[in-house]
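Novice: Below, each chain spelled out in residue letters.
2 protein chains.
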Amino acid sequence: MSIVDPISQIFLRLERRNQPMHIGGLQLFSVPENAPADYVHQLVDRARAQNAVQPPFDKRLKYRFGQPFWIEDQDFDMEYHVRHLALPEPGAIRDLLALVSMLHGALLDRARPLWEVYFIEGVTDNRFAVYTKFHHSMMDGISAMRVLRRFLSIDPGTEHFRVPWQLPPRPSSRSHAWSAGLTMLQSSYRQAAALPAAARSLYDAWHDAHHDPDFTGPAQAPACILNRPVSGSRRFAAQGYSMTRIRDAADAYGTTVNDVVLAMCASALRRYLIDLDALPRAPLIAMLPVSLHDDDDAAGNRIALIYANLATDIDDPVERLGAIKRSVDYWKRRYKRMSSEQIMAVVAAMSAPAGLNLLSGLVPSRQSFNVVISNVPGPDDTLYFGDAEMLGMYPMSIVLDGQALNISLVSYRDTLEFGLIACRRSLPSMQNLLKYLDDALDELEHAAGHVPHD
Amino acid sequence: MSIVDPISQIFLRLERRNQPMHIGGLQLFSVPENAPADYVHQLVDRARAQNAVQPPFDKRLKYRFGQPFWIEDQDFDMEYHVRHLALPEPGAIRDLLALVSMLHGALLDRARPLWEVYFIEGVTDNRFAVYTKFHHSMMDGISAMRVLRRFLSIDPGTEHFRVPWQLPPRPSSRSHAWSAGLTMLQSSYRQAAALPAAARSLYDAWHDAHHDPDFTGPAQAPACILNRPVSGSRRFAAQGYSMTRIRDAADAYGTTVNDVVLAMCASALRRYLIDLDALPRAPLIAMLPVSLHDDDDAAGNRIALIYANLATDIDDPVERLGAIKRSVDYWKRRYKRMSSEQIMAVVAAMSAPAGLNLLSGLVPSRQSFNVVISNVPGPDDTLYFGDAEMLGMYPMSIVLDGQALNISLVSYRDTLEFGLIACRRSLPSMQNLLKYLDDALDELEHAAGHVPHD
Chain G
1 MSIVDPISQI FLRLERRNQP MHIGGLQLFS VPENAPADYV HQLVDRARAQ
51 NAVQPPFDKR LKYRFGQPFW IEDQDFDMEY HVRHLALPEP GAIRDLLALV
101 SMLHGALLDR ARPLWEVYFI EGVTDNRFAV YTKFHHSMMD GISAMRVLRR
151 FLSIDPGTEH FRVPWQLPPR PSSRSHAWSA GLTMLQSSYR QAAALPAAAR
201 SLYDAWHDAH HDPDFTGPAQ APACILNRPV SGSRRFAAQG YSMTRIRDAA
251 DAYGTTVNDV VLAMCASALR RYLIDLDALP RAPLIAMLPV SLHDDDDAAG
301 NRIALIYANL ATDIDDPVER LGAIKRSVDY WKRRYKRMSS EQIMAVVAAM
351 SAPAGLNLLS GLVPSRQSFN VVISNVPGPD DTLYFGDAEM LGMYPMSIVL
401 DGQALNISLV SYRDTLEFGL IACRRSLPSM QNLLKYLDDA LDELEHAAGH
451 VPHD
Chain H
1 MSIVDPISQI FLRLERRNQP MHIGGLQLFS VPENAPADYV HQLVDRARAQ
51 NAVQPPFDKR LKYRFGQPFW IEDQDFDMEY HVRHLALPEP GAIRDLLALV
101 SMLHGALLDR ARPLWEVYFI EGVTDNRFAV YTKFHHSMMD GISAMRVLRR
151 FLSIDPGTEH FRVPWQLPPR PSSRSHAWSA GLTMLQSSYR QAAALPAAAR
201 SLYDAWHDAH HDPDFTGPAQ APACILNRPV SGSRRFAAQG YSMTRIRDAA
251 DAYGTTVNDV VLAMCASALR RYLIDLDALP RAPLIAMLPV SLHDDDDAAG
301 NRIALIYANL ATDIDDPVER LGAIKRSVDY WKRRYKRMSS EQIMAVVAAM
351 SAPAGLNLLS GLVPSRQSFN VVISNVPGPD DTLYFGDAEM LGMYPMSIVL
401 DGQALNISLV SYRDTLEFGL IACRRSLPSM QNLLKYLDDA LDELEHAAGH
451 VPHD
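So the sequence lines, in the order shown, correspond to chains G and H. Just so we're aligned, residue 1 is where the first sequence starts under full-length UniProt numbering, counting upward by one. Just so we're aligned, residue 1 is where the second sequence starts under full-length UniProt numbering, counting upward by one.
Isolated chain G (complex conformation) (with noise of 0.2 Å):
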């Protein structure tokens, strides 16, 4: 029996029925040549078989005197865990949306191990797919991904069938920026000590708020339809993007793979919410978690958080990209000159209001950002899950009130992969923004004189 630790506590509490706080994965394989019909069947009952539960997979919660504990379950259900789902013929992608925007839409079982797993079999052209939900309180969504990766392998072969429960976790490592903002506030002598220094910084970037032109911080986020209370029901819609696109486009640009992301997202942003007449005037203002440090273990618990001015004012793509790689790039120079505690410190106190905004559960008065955008590197080589090729990785992350809409990207092989989870009733036809942003990248590059690669 082990306390629930107070970050985790916070998603346990933050949860309702319409901001459901747990993360996910959809995955999509190819069913190998001359496999039996019976193929995700078989899968499914080797997955089950795999009954050596390893931590954190099986621990429930246990409230005693108010104070959750996580304990071991002792009526470990496997069947209840792993599930076996089909899509209706013909299997298109867009039932499989549709059915994982239903699945990542309802509540896991509190009197349970928080994750499920599901396998979904009859995707068109020969696929199948497993969606994976944990709850937040039990793993992070770098951890997340990093559970999803580590079950598969470089070489193919059934030999090599592992599953996520099987594998003891590494440590975790909060993700988050506002969880890491929170850890922050909760001090540790390191962080008091870089406090001066983080105070310093503080008091430069409310300088800059009124000297430079390229500082974009919170509170300067225009009032949208992104941030209105969020229903319970979700839409997910996710696509890839050829990274050699997206490299060459940066290139043209002098700019780095993430500002053209983030002028991509940006694009499709604004023309989706010119559709419905709904375009603060004001630039929307993404918020951005990045790593502090390139190797991805233990120092992945170091995040900064970027404000990112998205220019959705400016009408010209090329100059929005300039003005988002300016404001990306103030927050870079800062950084630089700072240790990571003191980065930390800096993120910790201006995350505060955001991360007591959704404590408190209220939409806040005073916008911080508009939507999340968050980027994992992924792998670059092709891995299996046991003799299955996996074709995609999708992120789905959580929908909170007041950011009615999620963007993670995870990077897998030469593709970019987008997932967007959203509110389905405050963002109607959101999966109109994967075509936007597809034409977003077209735009670079007739800009730059490019031709499309397809």
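I should point out that these hints are in silico values taken from the structure, not numbers from a laboratory. Check each hint, because a few of them may be wrong.
As the list claims (entries may be wrong) - Which chain G residues stay away from chain H? Per the calculated CB distances, all over 10 Å, these:
id, residue
1, I3
2, D155
3, D414
Claimed, not checked - Quick look at which bits of chain H chain G covers, simulated, 3 or more residues with Cβ under 8 Å:
id, region
4, 81 to 93
5, 420 to 429
Even for Gly, the Cβ is constructed at its ideal location relative to N, Cα and C.
Here the structure of chain G is known, so what remains is to put chain H in place on it, guided by the hints.
Specialist: Leaving out everything else, chain H in the frame of chain G:
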């Protein structure tokens, strides 16, 4: 805009993640011969095209000053309410039950009209299923069963295609005993006038509790695993039993069909609890809501409660049937001498503790009854949804803290369809009850010297 009536407000207030307050039904249909491969897909398209949504299907909740109102949903989303799913190959009934168990365990989205319909294709032997869920605040069990029947036709043919949300509902008739009891407690003149007689009747009941061996009343129920707090996961089990066989057994023993049904439930529960080493020493008590009128319309809201002794302490099945019959007959004799107002007053007084226990969300310290068994008469004729023959319909009711199992029955043609819904965690392997129900009927037939029909 109309205010949500007090009983419906109770259903809304009782709802929690582990205690969804919706009811449902599972219907099984035969795909017509020579139907196209995308037959179910066409049905779904056709159903979604019926977008002239009638009340109450077009109403969603809106809270003003803490008070819930029904308002028209201006963003009605037909794709959200009408879903299209499929079973994995080969479409075993076991997989169908697993799927609807999962669906029945998920909370409805309160930002939308509180109903969902799922068309499930790929059931083995060329069948498909329809699972429908309604929030209990929108519709009671009898109304829901009526809605599920009204869109069906006795004539097959695509021209008879109708969907539930096309039909204006008949006046609501609250069926659940304790809700009727609570309505009563809100007092009407007629009922107040009946109170002296009701008081007399309660006095008699109290007197009988000490003197009449056949008397079974509330608060005599033993502690049992059926009456634990529940989790948020469900297990649904369903099966049809031959009405001819049940009727023959009833004739052989000089009992009613209902007595035999109770004896089947009693034997099955006894054996299930013995398996788990959890049979209470004292007999289980079932609560049966019974209609006071035969015609199924406006008068349908007049219902009485019977507390039946299931005689699970008796080993011999025939003796057990006799004891059950005597306890049911006691209430029938008593109710025969009373007007329906007097009966309602007694019911209200008797169910108040049960109702208040439910309201407060506490597991009763004194158990009123162990299990609810409700039996709704259904259609004798073969019914069709468009040109698809309905093969069976199974009611799915509510599981509550303290009531981890609900047994609902509905008759269709020569079959009595049992729908058992349970907390999956409190009642492991609950599906064994289906086999034990079967065995119980066999046993009664053998004891009567019948040769079983099959």
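Novice: Taking the numbered hints from earlier one at a time, note which ones the structure violates and give those numbers from smallest to largest.
Specialist: none
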